Amino acid sequence: MEKSTKKKDKLCIICFSGDFDKALAAFTIATGAAASNKEVVLFFTFWGLNIIRKNPNRSFKGTDLPTRVFNFLMGGFNCLPLSRFNFCGASPKLMTGIMRKKHIATLTELIESAKLLKIKFIACEMAMNVLDIKKEDLIDEVEAIVGIPTFLEHAKDSITLFI
Amino acid sequence: MKYELDVTAESCPMTYIKTRLQLDKLKSGDILEVLVNPGEPLKSIPDSAQEAGYKILEIIPKGEKHLIIIQK
Numbered sequence: 001m002e003k004s005t006k007k008k009d010k011l012c013i014i015c016f017s018g019d020f021d022k023a024l025a026a027f028t029i030a031t032g033a034a035a036s037n038k039e040v041v042l043f044f045t046f047w048g049l050n051i052i053r054k055n056p057n058r059s060f061k062g063t064d065l066p067t068r069v070f071n072f073l074m075g076g077f078n079c080l081p082l083s084r085f086n087f088c089g090a091s092p093k094l095m096t097g098i099m100r101k102k103h104i105a106t107l108t109e110l111i112e113s114a115k116l117l118k119i120k121f122i123a124c125e126m127a128m129n130v131l132d133i134k135k136e137d138l139i140d141e142v143e144a145i146v147g148i149p150t151f152l153e154h155a156k157d158s159i160t161l162f163i
Numbered sequence: 001m002k003y004e005l006d007v008t009a010e011s012c013p014m015t016y017i018k019t020r021l022q023l024d025k026l027k028s029g030d031i032l033e034v035l036v037n038p039g040e041p042l043k044s045i046p047d048s049a050q051e052a053g054y055k056i057l058e059i060i061p062k063g064e065k066h067l068i069i070i071q072k
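Protein chains in written order, with this note's numbering: chain A, 1 to 163; chain B, 1 to 72.
A hint or two may mislead.
To be verified - Facing chain A, from chain B, some residues (calculated, C-beta under 10 Å):
1) Ser-11
2) Tyr-16
3) Ile-17
4) Arg-20
5) Leu-21
6) Asp-24
7) Ser-28
8) Asp-30
9) Ile-31
10) Ser-44
11) Asp-47
12) Ala-49
13) Lys-65
Honestly, the hints are just simulated from the structure, not real lab data.
This structure is a prediction, so every number in the text was calculated from the model and none was measured.
Built from N, CA and C at the ideal position, the CB exists for glycine as well.
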């Protein structure tokens with residue numbers, strides 16, 4: 001098939017980390033790129049899945065004890081830790097307050113913007129199996145649960161970042 | 001129809017997100033006037049609007065700020 005020269009530039013981000021600041025970096029780049037005419041795909045895997053869980057809090061979810069403990073320890077959006085100086089979860093809240101005061105987009109605002117900018121959210125099938133996470137546990141914007149071949153298809157001819 | 005948007009209180013990437021979301025709402029012939037700070041927004045907003053097929057009608061200096069007039 002012939003490639004169209006007018007095809008949009010594409011950016012794929014592998015959202016591996018569940019750290020608050022790294023999620024902030026991923027969504028800042030993603031929304032900035034989408035607003036600048038790029039096609040953007042976010043592939044969530046392992047700890048990155050915590051960013052897009054429907055339940056933002058901790059829950060003992062899973063079929064066996066280790067998975068239940070894992071899911072409780074990780075929690076959802078409200079439990080994302082700062083990668084440094086987390087201070088038992090106080091720092092992400094503090095940072096959000098500072099950002100709001102300085103008119104800098106917060107992580108919640110960036111995620112909402114990503115949805116409005118029609119950024120594609122996809123999630124890793126294997127990581128979801130490991131962590132006993134089902135599609136219905138993730139926000140509705142996640143349009144597909146995919147394996148590596150599908151991700152590679154998205155990443156073809158694209159800038160790809162691993163965060 | 002003419003729309004106005006002031007992004008001078010925003011910083012990256014919200015400057016670009018708000019402009020993009022407002023541009024997406026325009027119908028053919030509509031105009032958007034965006035007030036921006038000097039520096040990157042002044043360069044990047046017209047560039048990416050043009051790349052997406054919008055027309056830059058005028059860029060008017062307003063003191064330190066600039067008003068970018070964009071038409072769909």
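Consistency of the hints with the structure:
Hint status for Ser-11(B) relative to chain A: holds, with the closest Cβ pair at about 5 Å, below 10 Å. For Tyr-16(B), the suggested interface contact is upheld, since its CB lies about 4 Å from the closest CB of chain A, less than 10 Å. The interface hint given for Ile-17(B) holds, since its Cβ lies 5 Å from the closest Cβ of chain A, which is under the 10 Å cut-off. Given hint, Arg-20(B) at the interface with chain A, holds; its Cβ is 4 Å from that chain's nearest Cβ, closer than 10 Å.
The beta carbon of Leu-21(B) comes within 6 Å of a beta carbon in chain A, closer than 10 Å, and the hint placing it at the interface holds. Interface hint status for Asp-24(B): upheld, as the beta-carbon distance to the closest one in chain A is roughly 9 Å, under 10 Å. About 18 Å separates the beta-carbon of Ser-28(B) from the nearest beta-carbon of chain A, more than 10 Å, and the hint is not met. Taken as an interface hint, Asp-30(B) does not check out: its beta carbon lies about 19 Å from the nearest beta carbon of chain A, beyond 10 Å.
A distance limit of 10 Å between C-beta atoms decides the matter here; for Ile-31(B) the minimum to chain A is near 19 Å, and the interface restraint is violated. The criterion of a C-beta within 10 Å of any C-beta in chain A is met by Ser-44(B), whose closest approach is roughly 7 Å, and the hint holds. A cut of 10 Å between beta carbons decides the hint on Asp-47(B): the least distance to chain A is about 8 Å, and the hint holds. Taken as an interface hint, Ala-49(B) checks out: its beta carbon lies about 9 Å from the nearest beta carbon of chain A, inside 10 Å.
For the restraint placing Lys-65(B) at the interface with chain A, the shortest Cβ-Cβ distance is roughly 15 Å, beyond the 10 Å limit, so the hint is violated.
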